[in-house]
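K.L.:
Chain residues, written in single-letter form:
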Amino acid sequence: MKSFGVRINLLIIMLVLSLIAIAPRLNVDGVEIKSLDAVSKSQGLNVGDVIKSINDARVDNPEKFIESLKEASSVKPVRINLVTDKNNASYLAQDDLLFELENLTIKNSKIENIKDGEILKEINGVKINYIEDWEKIRYDLLPSKVVRIKTDKKEYVFQVNKELEINVKEVSRSNIRKGLDLEGGTRILLKPIGEIKASNQDIKNLIDVISDRLDIYGLADKRIRAADVENDKLILIEIAGVSKEEVEDFIATQGKFEAKIGNETVFTGGNDVPFVCKDDGTCSGVRRCDLASEGQYGCRFEFSIKLSTDAAKRHAEITKKLDVVGGSGLGSDGYLSKPLELYLDGELIDSLQISSSLKGSETTDILISGSGFGENQDAALNDALLNMEKLQTVLITGSLPFQLEIVKIDSISPIFGEEFLKNAILAGAVAVVAVLIVVFIRYRNLKVIFPMMITLLSEIFIILGFAGLFRWNLDLAAIAGIIASVGTGVDDQIVIADEILRGQGQIFSWKEKLKRAFFIILVAYAATFAAMLPLIWAVAGLLRGFAIATLVGVTIGVFITRPAFGAMLEKLMNK
Amino acid sequence: MNWESFLEKNYKKLFVVPIIMLVFSLVVVVSFYAKTGELFYRDVSLKGGVSATIYEKGIDADKLEKFLENKLATDVFVRKLGDIASDSDIGVVVEIGDNITDELKKLIEESTGVSLNEKNFSIEQVSSSLGESFYQGLLKAVIISFVLMGIVIFVAFRSFIPSTAVLLSAFLDIIFPLSIIELTGIKVNAAGIAAFLLVIGYSVDTDILLTTKVLKRKEGNLYERIVDSAKTGLTMTFATIAALGIAYFITTSFVLKQMFLIIVIALFVDIVSTYFMNSAILIWYCKKKEKNEKFWG
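Protein chains in written order, with our numbering: chain U, 1 to 575; chain X, 1001 to 1297.
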C-alpha cells in the first residue's frame, strides 16, 4: 500500500488519538444523580451515581426518570377511622397521622374534634387496649410503597411514604464536559476580607475548607479554584445544576461557631470537635415537630458530637464554678446556673441547660440541638434539616479565617445552556459551509474544497480531543475560540492553496512553494499567539476557555492539520 | 486598465481613505472620552450591576422597562432576546447598574405575571469594584497583546517602516470599530474586548501576507505582487466575513453576537487598512529604497 506521507499520517494519528480522548459512548443507559432528598440520601444513594431503573422500569433520560419516580414513589392518602374515649373521627392522612401518642393519650392533635388528652380506643377497626396493640399496627397505618432503585453500584430497596425528590441529568456520553453556561448552574466569585490581606496559602486553605463544606453538603459536582483579578486574590466556584439561592447564603457564611457558657468559650468547630454525627439516624436527626404558634410550626433537631480532651478540660473548669439550681430531689438533679449557648456567626442559635451531674466533669460527649421553623410541618422539617446540616458542616470543617464577600454571582438556567449549545453548533456548521462557498467561488475547483473541508473538520475534532483529554469545560467562550481558530485556519489554507495553485510560473518546486507559504503562516501564528496570550490571565481566567481554545486551535492548525492540507492538495493537484 | 496600473497611478489617492477613517475615529474616540471619561459604554460584566435573562415567550420589553424604572427609580435597560434566523421570541434581558436582585425578581414577576424559577431565569451579578478590575485588566491585556504582536512583527521583518505599517494597520482595525461601537451606543462586555484581541490576530494575517510578498518575493513587479497578495488576502477576509457574518445572524447568544459583530466590522476595515494604507506605505518605502540604491549603487 502506498503511504500517505508523513504529514497526512500524522493527521490521521492525531484524529485517532482525539477519538480516544473524546471517548464517545454510544450505548449509555440510565441517568446521573444531581441532587437528592434526605430520605434517599439516608439510604446510601449518592450524587454522581447512575440510576438504571426504578421498579424494574428502565430510565434512559431525565423525562422518563421523573415520570417513573413519580409513579413509583407517590402514595395516595388513606382514610383513618379513629375512636377515643370521648369522640370519633375519620380523616385522610398521607405521611403524618396528625397526632402523637403517649401512654395511649393523644398529643399534638391536628385532627378536627379530637383534643389532646383524649384516650385512643380504636383505630381502623382495631381495638387498642394496651401499648402493645398500638405498637403492632402503628407502622402499618400510613400508606407506603416499596421502591426499588437500581444504580450502577447496587440495588436499593426501601419504603417511602411520600414522593422522593431526586434530580438527575443525562449521563455524559463522552469525556467532553460542558461548561457552566452550557449546562446551567451557579458561578460565584468570592473575595476574602480580613484584617490582613489573604496570602496564597490563605487562599489555598480557604479553598480546602469551602471544598470540604460543599462535599459535606452534597454538592459534589463543582469546580473551585483561585483567581487573581488585578491585585485581588479571589476564589472562583462553579457548581453545576444548582440555583443561586441554594448556595448563596451557605457559601458566604464564614461559619464561625462558638459554644459559650457565660462569656467563656468552651469549644469552636474544627479541631475542638474530632467527631460529628451526621447522616446516622441513631445519633442525628429531627426529633420533634410542634405547632409553635398560630400558623408557625417548629421542629427540633439533635445530633451528638465528641469534644477533644482540651475542650473537655475547658468544659470542666468553667462548669466547676457554676452553681446548681432547681434540684428538687424528686428524680431531677437540677441544672447549672448558666446554660451552654451555641452561636453561629455571632447569632445565638440555641441555649442548652446543663445537667448538674456534668458539673466539673471532663465530658467529651455533647448533644447539640437547634430548631427550624416554617408555615407548615414540612417546611419546618426542611428548615430544621437544613439548619442541622449547616451546623454539622461548620463543626466538621471549622470556621473560615476570613469573611467572604460575593463579588460576582451568576446563575445560568439549564434551558439556556441547551439552547445555546444547539445554536452554537448550528452557527459553527453554517459558518463552515459559508467559508467553503466563498472558497469555491474563488477557485471553482472541488479538489481544493474537499481537503479544506477535511482540514477544517479535523481541526475542530482535534480541539475537542484536547478538551476531552484535559477535561476542559467547554463553555460559550471556548466555542467562540474554536470558531475563531477555524477562522484563522481558513486564512492559512487559502495562503497554502494560492501558493500551490499558482501553476503558471512553475519556477518553484512544491516543497519550495509550501516553505514560502509557511513563512507567512508562522509569522501570523506567532502574532495571533502573542495577541491571545494575555487573555489566559485576565478577568479571573473567565475567558481562559476562549484563549486556550484559540491557542490550541491555531497551534495544531499550524503544526498538524495545515501541513496535511498542503500534502493533500499537492497529491490531488499532481494527479 | 488593469489593477496593477490602477494601483500605480492612484495609490496616493487611495491612501486618503484610511487617513480620513483614522482621523474620524480618533475624533470620535477622543470626544467620547472627553464627554464620558470612558472608552466605550460598559455592560454589567465590566461595570457592575445585574443582568437578568427571562426565558419566556411574549414578554413586552417596553412595558417591563417602564415598570421597573418606575419602581426602582434607576436606569433600566430591557432588550429582546431572539435570533433573526428563525425570527423567534425567546425572552428578554434586563440590565441594571445597581446590585438589586431579590427585589428585581419579584418586580419582574409582578410585571410579567411569569413565575421565575431556575429553569427560566438566569442572573448575572457583578460588584462594581470587580467590574472595574475586570475592565482595567482587559485594557491591560489589549495593550500587552498589541505590544507582543508588535515584537513578533519587528522580529519577523526586521525593518522599521514596513513593520510600523503593519502595526498602524492593526491600530486602525481596532480604533475604527471602536468608534462605530461608541456611536451606536452598544454596551461592550468582557467577551467583546476579547474580540478586539482576536482582531489583532486576524488583522495582521493579511498584512503579513502583503509585506512578505512585497519584500521577500522576486517574481513580477511591485504592483503585480501587491495585486497577487490582495487576491489571496481578500479571499481570506471574505471567507472569514462570510463565516462570522452568518454566525452573527444565527447565534442567540449576546456574548457571541457581540464578538462576531466587532470582528466583522474590523475585517471590513482591514480591507482598507491593508490594501489602501499598508500597501501605499510599502510602495512609497520600496520606491525610496530603489532611489537610494540607485544613488548609492
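Heads up, some of the hints might be wrong.
Under the rule of at most 25 Å between Cα atoms (straight-line distance), these lysine to any residue pairs were calculated in the SDA-like manner [unchecked claim]:
1. X:Lys1119 - U:Asn167
2. X:Lys1119 - U:Pro414
3. U:Lys233 - X:Leu1139
4. U:Lys260 - U:Asn167
In short, the hints are calculated from the structure, not lab data.
Bear in mind the structure is a predicted one, so any value in this text is a computation, not a measurement.
K.L.:
Look at each hint and say if it fits the structure.
P.N.:
Now for the hints, and whether the structure bears them out:
Straight-line distance between C-alpha atoms of Lys1119 of chain X and Asn167 of chain U comes to about 13 Å, which keeps the hinted pair within the 25 Å bound. Taking the CA atoms of Lys1119 of chain X and Pro414 of chain U, the gap is about 6 Å. The hint holds against a cut of 25 Å. Taken as a hint, the Lys233 of chain U and Leu1139 of chain X pair is honoured in the structure, with Cα atoms around 19 Å apart against an allowance of 25 Å. Restraint check for Lys260 of chain U and Asn167 of chain U: the C-alpha separation of about 40 Å exceeds 25 Å, so the hint is violated.
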